[in-house]
Each structure stands twice: as C-alpha cells, then as structure tokens.
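Just so you know, the sequences run in chain order P and R.
Note that this note's numbering numbers the first sequence so that position 442 is 442, with each residue one more than the last.
Note that this note's numbering numbers the second sequence so that position 79 is 79, with each residue one more than the last.
Note that these hints are calculated values from the structure, not bench results.
Everything numeric in this text was worked out from a predicted model, so none of it was measured.
You may find that some hints are simply not true.
As the list claims (entries may be wrong) - Reference listing, derived: stretches of chain P covered by chain R, where coverage requires no fewer than 3 residues with Cβ under 8 Å from a Cβ of chain R:
#1 3 to 9
#2 185 to 197
#3 279 to 289
#4 368 to 378
#5 424 to 432
Said to hold, decoys possible - Residues on chain P that point at chain R, a partial pick, calculated with CB under 8 Å:
#6 R102
#7 T155
#8 L172
#9 T176
#10 V177
#11 T180
#12 S200
#13 G216
#14 P339
#15 T343
#16 P345
#17 I419
#18 M457
#19 P459
The beta-carbon is built from N, C-alpha and C at its ideal position, and this holds for glycine as well.
As a plain string of letters, each chain reads:
There are 2 protein chains.
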Amino acid sequence: MTYDCSFLSDLDLDGEVSFDDSARESHAADWVAQEAGLGVTPDAVVWPASTADVATVLEAANDREVPVTPYAAGTSMEGNAVPLFKGISLDMTKMDDVLDVRPDDFQIDVEPGVMGNVVDETAAEHGMFFPPMPSSANLSTIGGMIVNDASGQKTVKYGEVGDWVLELEVVLADGTVIETGSKAVKTSSGYNLKDVIVGSEGTLGVVTRATLELEGLPEQIKGGRAVFESMDDAAEAVFDVVRSGVDVAKIELIDPLAAEMANRYFDTGLPDGSMIFFEFHANHNVDEEIDFFRTIVDSHDVAEFEIADEERMDELWRARDELAFAVQQYDPDLEPRHPGDVTVPISRYPDIIRYAKDLGEEHDVLLPCFGHAGDGNVHYTVLVDPDDEEMVETAEEIYDSIVEKAISWGGTATGEHGIGMGKQKFLELEHGEGGVQAMRALKAAFDPKDILNPGKMFPETEAEGGRVELPSGVRSAERD
Amino acid sequence: MTYDCSFLSDLDLDGEVSFDDSARESHAADWVAQEAGLGVTPDAVVWPASTADVATVLEAANDREVPVTPYAAGTSMEGNAVPLFKGISLDMTKMDDVLDVRPDDFQIDVEPGVMGNVVDETAAEHGMFFPPMPSSANLSTIGGMIVNDASGQKTVKYGEVGDWVLELEVVLADGTVIETGSKAVKTSSGYNLKDVIVGSEGTLGVVTRATLELEGLPEQIKGGRAVFESMDDAAEAVFDVVRSGVDVAKIELIDPLAAEMANRYFDTGLPDGSMIFFEFHANHNVDEEIDFFRTIVDSHDVAEFEIADEERMDELWRARDELAFAVQQYDPDLEPRHPGDVTVPISRYPDIIRYAKDLGEEHDVLLPCFGHAGDGNVHYTVLVDPDDEEMVETAEEIYDSIVEKAISWGGTATGEHGIGMGKQKFLELEHGEGGVQAMRALKAAFDPKDILNPGKMFPETEAEGGRVELPSGVRSAERD
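Produce the entire structure from the sequences given, and follow the hints as far as they go.
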C-alpha cells in the first residue's frame, strides 16, 4: 500500500519535503537492513527545520492516518528506522544545532540531529564530555542514541545514554508538544515520561530537543590490554574485576577470531589470543587502582599485560572501535547475520561467552565475539554464505539460542540496540504476556492511530490487526 | 461515600483483612497529614502476604470499582498515602522479606515492606550499601522510596533511588502481574515501564518485589563542617564546589535558624551561623580531594572549617538527620506548613536560597532552610500560628512563590517527596498542559477505572469528573 502524501506540499513548513525517488530510496533502510539488501521505500521524505515543523507534519499525518517513521543517521542495528508501512520518513538531520551550553550546570541543550562527536567536541571546549557516548559517536545522532537508549564503552563506569538525559522536548503523535524531565538533577514530579521516550524507538513521540548532562574530563586517563590463554580466562577475569568493585571506565573483551578479523581489516597486529582492553579515569593518582586491577587479572592465566601510552592506546582502541566493520569486511563470500547484543548479570558473563563459543564450535561456523564486557554485554554474529540455506538456518538457531539463554539467566535480548524488527520475537519471552500488554496499552494511549513507526517494537503477528499487509521482501527482514 | 468492602472477607488470602476502627483510623493519614490533623479513614485495611494476595485484591476491587490506596510506613510528606476516596488501604508492611542477596552482581531482591535500614544492614554484611538511601532509612520502606523516587544525602554523588532499581514486579490495577526492567545492568528492550512505576505514587500499580543495585562500601569516609559569615557565602560555596567537579558524597546546607532549632531539640551546640556539612567517599587517599575542596570553600567567607573524626561526625550528622523533627518541635504554639523540597539547577542555588530567606524576612516569619545542597535541593517551611488566618495565608503565598520561582528557573516543585495532594496545583505549571494530558493518558491506559490511589497526582478540579466529592475536611489538605 502507498499513502497519498501530497498534503505535505500544502503545509506551511520551514523545512523541506521530497517525493524524489533518490531521496525516498535513501531512507528505505538502516545500516543493518541496507547490508541485508532489505528496505521499504517511503512515500515521502520530510526534513523538518523546527519543532513547529514536526508538530505540523505529525498533526496532519495523524489526521490522515499516514505512518511517520523518524529517521536520522540511519545507523541503527535492528531495522529501527525502516519505514515498514511506507508513509513519511521524518529525517531529523537538519535539526542539528547545539542550542546552549551551561558549563556551570554541566548541561548542554541540543537538537536531535546533532552528531555524537559534535557533542563531545563542544563539551571538550569546556573541559567536559558526554560519558555514555557509543563507539559510533561520529556515525550516530544524539536523537538516535536517546530513542534507542544506546550506551558505549564507558557505560560500565558511567551508565547508559538515558541516565544522562535530563529533559526532552517531544512532539506526540497528534502534534502536541510536551517537555518532560527537568533541568534540576533530580525530580519526583509527575510521571517519568522522559524515561519512557528514551528507548521508545520513535514509536511514542519525536524528540525535538534534549538537555544532556555532562561530566568534567578526568585529569588522568590510562589504559592497556591483557591477553589470556583462553576465553574462559578472559571472561572470568572480567567478572572478577567487576565483582571486586574496581573503578574501571572501560573493559572490553575480544575473542581470537574477532582479533584476527581486526588484523586483516586494519593490520593492527593484535596477538592471536583472548584479550581485554581497559581504561581508567581518575582525578587522583590512578596507578593504585591499576595495581589492584592487575593483581586480580594476574590471578587468571595471563599471557601478556600491557599499560599503553596515549598514542599506543589510540591505535589499540581503533581496532576495538571499528570491529563491527572488520567483521563485515572479513570475507566477501560471507555475511554476518544479526548483530547480537545480549547483556547478562555479570556473574553469568563467563557462562554466556562459553555458551556462545561452544555453539559456534559445535556447528563449525565463524562466530566472532566482542563487547562491553564490564556491563555483561556480548556482541556476536554468525558469518554465513547467504546462498547456503542450511547454514543460514543454523545461524538463526544459534542467534536465537544465545538470546534465549541470556534471558533465562536474568539478562536482556538487547543491551543497547533496541527491539526494532529484529528482536520483536523475544519481547514476550523477556517481558511476559502481561508486560507486553502493558507496553501495548502505553502505545495505544500515546499513539491511538498507530502512526508512529508502525510495525516496530511489538511482534508483527498481533500488531498487524486491521492494518495493511507488509510490503513484499520485508518479511525476510523479520527473519520469519 | 463509603464502599462496601465485605467482598474482601470472601477472598482467598494468606494475608489479613480488617474492618476495625482502630486499624482503619491508623491508615487515614501519612506523616504530614497526621500533623495537620487531616486524614480520610478507609473502609477496610488489607495486609497482603504475597504477590498473589495483591493480585487477588486488585482484581476484585477493580471489578467493583473500589479505590485501593497502597500504604506502608506512612511517612510520606505530601499526603501520598491518604485514602482520599476511602475504599481499601493496602498495607504492604507484612511483605517485608529480603528475598535474595547476590554480592557478585551487587544485587538484592526485596519485598516492598522492607525498611531502608534493613536493606543497609543486609548489604553491609556483604561489604555493600544502598547509595541513594534517604535520611529516613529507619522510618521508610523500600516500596515507599521507590514509588516516590526518593533520594538522600548521598544523591549528589550516587543519584536517586530510581537510578538503583534494576527490576520490579508490579501488580497492575486489574490484577495482572508484570516484571519490568532487567537483572542486567543495562537494557534497551521494550518500553521502560520500570521507570514509570518509579515515582508513580501507587497510582499505576503496586510494587511487590524489587531488585536493587548495591555498591561496595567505600574504604575511606571523611567528613566535616564549614561555617560561613552568611547564607550567601554558604550557598555560593556549594555552587562553587559542585561546578568545580569535586567528588563530594554529601553536601548539606543548614541556615542559622534551622541550626538554632536543632540546638534546642538536641542540644547539639551547633554554632550560630550558616553552615555546610560534607562527606567524602573514596577507595584511594581522600585527603587530596578534601584539600581541593577546602581551597574552594576558603575562597568564600569562612568562619570555621572542621574535619571531624568518626565519632564527632556521627554527632554532627545526627543534628542534620533529624532536622525535620527539630523544626516540628521548635515551638508548641507554631506549626510548620508544607515541607518544601524544590530543586533547581546548581547555578541557581544561591538565588533560590536568597529568594526564600528574603521572603521570610520581608514577611517577618520563621522560615528555616536546609537541604541536599549539592543537588540544588532546599527543604523549607514556614512556621505559623494555625489560628492566625492572615499568617497562614502569608505562609501559603511564600510557599507557592518559592515553588513557582524554582520552576521558572528550570527546576522542579519536588525533588524527592512527590506530588501527592500537596503539589498537584504546580503540576501543570511545571509540565505544561500537554505534559499533564500525556500523564493522564498514561494513567487511563494503566488504570482505566481509576481505582489506584485516586485523587492523587492530578489536580482535583479535572480528576473529579463523575467521581464522589471529596470528604469534608480534606479540601484544606489540598490548600485551596
């Protein structure tokens, strides 16, 4: 089904509207959907220039029951920004101003289309930084990070993106503009709608302004790398570090296969082993903490322990930061299936790593693992020959098994990428029938006509009721 | 209007039901309503013994449209637990088990009726503590803290109660039991219902189990006190400390009037001056941070600076911890009106303190101020002769002016006590018409028959529609 979006031309907007094929096609997919050759071309693209524009478009679309799917950098990982039911792709990237910086309050006000690295650069001018920034700072907008409740390498010390959002301006489905949260650092006033918009993937409202909290840059940053005899040793060391309360700012795990992929992609000369990368932040002498950390790490089977200077650290971390690309580029004949991002309580971290690696070995597939280990997070993927149906099916099964195991251990299907289309099938397993019903009730209260990013978040089977059928070619994006 | 609650006797409950006058009367008010001689006697009291009991009671009450108001320690500050429309008071204090402690994951599972000090004592056995604990730990239940999103003296370093809640089991109005959140430390899975239940004051569901995150006890704790020549100096020093990024774990402000009240109540010998109390937590040598702190403090007009040993600190902090009682007991002929807890961005802290003190002087009333200064929080109250109508009216006006000023500066009407009945009139000023409408939509989605703690949160004028009129004597509790 196609929606008649010609009404957009009659709206009084400061921003732009396009019905061109090239504009529409460039908004058909996000990063992962693009790679998989999947996508749905919207009927129109709107680049709003202001909150008023967003309100005008939503009000008009809501009146006409036309779907609106917010879009920004298009780097989401679960098809979150794919306009599954066509209609309007609402591209927020022109609303990319830094509106205000208040260093005395550690606050910055930004529009949603501001890129992550711009926030960090602006903050750095005032001696500050945005602690939960994802590794993809220069590929992602703040708006995208907020509505996916993203997180990053420093989350182990500082928390998720949502923990650093103080106030949001949001346009609801009917065009109502609300402000939620407070510029005070704490509030008990009214329902906490702010934290419901965070992580709602554009299904409840469109973020048009955010007040973020910043932190002073640490006076000392030191990091390094430890290589272990086995993945078991590496994962156990991570668990031991975290349960000992070591104040680590980053602790990342990389398995030998992911290291090999990084080496091939970057020629970074990572050793052939299971390794952790780590970083410490402090305003006091950080060496004492690193000594304590080393004592714990040394109680496991360590082959190599290195404290790196800043230049070397940049080189080391580059390998980690762009690992996702390295995996993608590893072999032109193989493609990675579904970027996993399960997260478990830290005591289960060695178990989930072992479980994933064992499954890979058992089925003789390439299954690189890495991730924000200190949070209990694992990124994993299975590389498959897309023409080998049996292999593709095996990869699906492995992927599912790891998610199901994580949930059974009190963990979550997604630590940072959101539900989108790819993880809908786990929603009820994780939250129960009642939990999903409550989420549906919330959705219905905020967006009764289901115009905002329809078909996302909730399992399709029930969400479909009364709505148009899915465009052909997209069912496979939902991995049925 | 009275509700026929005899159906409760027919339910299959492990807990208890009472229709006795003494039981009902003891559930008519919370701490502040009690002091003000206001309250509404419920028709029945139920002490559930299990989640199943809560579900059974809610399902039956929902079928019959009988109001249910959760109750626990009864120490809320805004009439939050007053059963305004009668019906059932659901007393959660029998569900007071610590269910599990998982030191390796820094997690504790508790029932909602567990007192705060029990959580801290249990955590301490494992070398841990619950960082956002309010000063009233031994007077408040964890459930009450969660649904008011309470906070405490250590919030300046560690955040609010809600920041330390990982997972909640909640019974919804119709008896559906849901789990929300995750035992993983981060998740992007589905809508964040957990943080909507936090701070919802029993109006959206009843918390029946909570998984809280704990923190390792700091190896070093040091604190002290600084006395300034004026309140301006004290408040400016607080601002200066916070904006300099000093890692302070507590920083509390007390004005000379509050100090005098503490002295009369406790004979604590506090000096006649404007003072701050502070505490530092660290696992490294804390003295360097304290030296830095002192440099900042010394740039203001300091009359006295003291670093206290542990015994002396206990004595000092006792004066702060029980200041609310001291204010209440100060003069038998005067009663404190409304415990204010506005919170502003830290850059506005000196302004809000000055504004409050000036108003007190201008109207020649006793207006003691104290609070969690590092968060930008002020507790204030006006002492009035309740028979002096003009004085009472002036006190109302002062109270309102301070809240309105805080909101105009980007702050909040309530940092930690919630809306209850007392702050309903500021809800729209703070959140706008659209914001309050969105909150009402959420309430209607979760509790369509408005049985859960009805009459709270939202301004009475609109909430009333179709419902019974307020019991006589309670309008005054709403300060019309």
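Exercise. So which hints don't hold here, by number, going up?
Worked result: 1, 14 and 19
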